[in-house]
Amino acid sequence: MRKTLFIKNAAILTVTGLILRFLGIIFKIWLAGRIGAEGIGLYHLVFSVYTLLATFASSGITVAVTRLCVNEITLGSKDGLLRIIRRSNAIVLLISFFSLLITLFGSEFIALRIIEDVRSEESLAILGFSLPFMAVSAVLKGYFTARRKIGTNSAAVLLEQVVRIVLCLYFVGIFSKKGIGMSVAGVILGDTVAEMSSCIFSFICYLFDVKKVKCGGVSPLFYSTKEILRISSPITLGRYITSLLRTAENILMPKALHKAGGLYSRSLSLFGSLKGMALPVLFFPSTVLNAFSTLLIPEMSEALIKKQPKIIRKDVERSMKLTLIIGIIFGGIFFFGGTRIGNLIYSDADSGYLIRVLAPLTPLMYCDFISDGILKGLDQQNFTFKVSVGDSILRIILIAVFVPKTSITGFIYIMYLSNILTFCLNFFKLIKVTGAKIRIISEILFPLTLSVGVCSLSFSLLNKISTDLIFVGAYVLITVILFFSTLYYSGIISNTLK
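So the number in the numbering used here is just where the residue sits in the sequence shown, counting from 1, plus 98.
By construction, these hints were calculated from the structure, which means they are not laboratory data. One thing to keep in mind: the hints can contain errors.
To be verified - Distance condition first, Cα-Cα at most 16 Å in a straight line; then the derived EDC-like pairs of lysine to aspartate or glutamate:
{"hint": "1", "residue 1": "LYS527", "residue 2": "ASP477"}
{"hint": "2", "residue 1": "LYS353", "residue 2": "ASP477"}
{"hint": "3", "residue 1": "LYS126", "residue 2": "GLU136"}
{"hint": "4", "residue 1": "LYS310", "residue 2": "ASP177"}
Work out the full structure: start from the sequences and follow the hints.
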């Protein structure tokens, strides 16, 4: 029953994630066509500030609520469960209203003194209104994850994405004649209303679902506000400092590229190609991994409280093997076909180049993402906090020193160093904590060699096709079929999933 429910929820999250990412990329293509790479770059600068404030308001609370609700449902009572939700909402609402005041009254200062682009002022003033709704949604997401009600979370994010796209199409159409700044403000306004609609939907579902909850005990476990903060604070602090440093990195990058030579608008366009175009494509195949990462937190928390180390070790091994396989094959696909893929999606030479040169990082980025989620489920959030902060500080120092001299090439080297470092730290910590084992030859070297072989073969045979759409479709399909068929008949797939 446990395995069946896990697979069902993973399937729901995977399908939802694929739909969301597909819609997101289609929307980004349309948006890039309307406001250009420079507009995408400006949007990501504004969104960096939003991410920073959103992290301050709610990051960490989802993991805390999930873990505490799992414990309460397993061993506690319904009163204890309700207490966790009430106290968590009180915490995030207090912080989010403070963040709202910062954006409302500080938008001019942030636009002129921090981002140094006056066109961002209207967007900054608008985005704060979404923060209280986003914060409550984070609490409810943790509750539904603990309840294994993944369908509700999926429906909420699908609703949010549909509302966002529809409203952004409308608002950008209205504001586009007033310049890039107002067009970006239209996108932010659509984001804000979408966040509100998702929160209202989730809260209505919560009111109906909480009546059906049956807990394993009769007395609450008495989780205090202090316990909620004990779990969420290291995660929040880590992500907040990381977001603060990443915001600084995002603001610093266009300036550093500008110092390397060229117009500021060209530097902002290059930044937009990297953050808004290339990276979303590279992360598109990781949708199934996002599903596993989300679902593993309650599974790990339950196994931890029940003291079941064998289940933890087996789940970790299965997750890491699957992550490596998916990362390796899509890393190969993007490396050999990245230029054609970027040209098909964005008709942009910069994005195709960046997809190709960053492709070898996909296995590391995917594994790092999964490792981070599992470690938090195993109460190792203090370790992930230290890794995230150290990585962000290193990136900023290296960007400030090397990018003005080496331009985008220097930043690519920085990304390689950063991802290799965080992967090694998180991966080996996970192995140490759980005792999981990964076979180097059969589970890393063989899939890697196979990926290079099938990707190069497919690319060589199909590259003469002049139409990008036909080439990319045939190339990805044939490569994936050849790769996974070989792994299946060699027994690696069955060993991974058993």
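Checklist entry - Holds or violated: LYS527 with ASP477, Cα cutoff 16 Å? => result Roughly 12 Å between the alpha carbons, so the hint for LYS527 and ASP477 holds.
Item to check | Restraint status (C-alpha distance of LYS353 to ASP477 at most 16 Å) | outcome: violated (39 Å)
Checklist entry - Does GLU136 lie within 16 Å of LYS126 when you go C-alpha to C-alpha? => result Roughly 13 Å between the alpha carbons, so the hint for LYS126 and GLU136 holds.
Checklist entry - Quick one, are LYS310 and ASP177 close enough, alpha carbons at most 16 Å? => result holds (13 Å)
Consistency note: the structure conflicts with earlier hint 2 alone.
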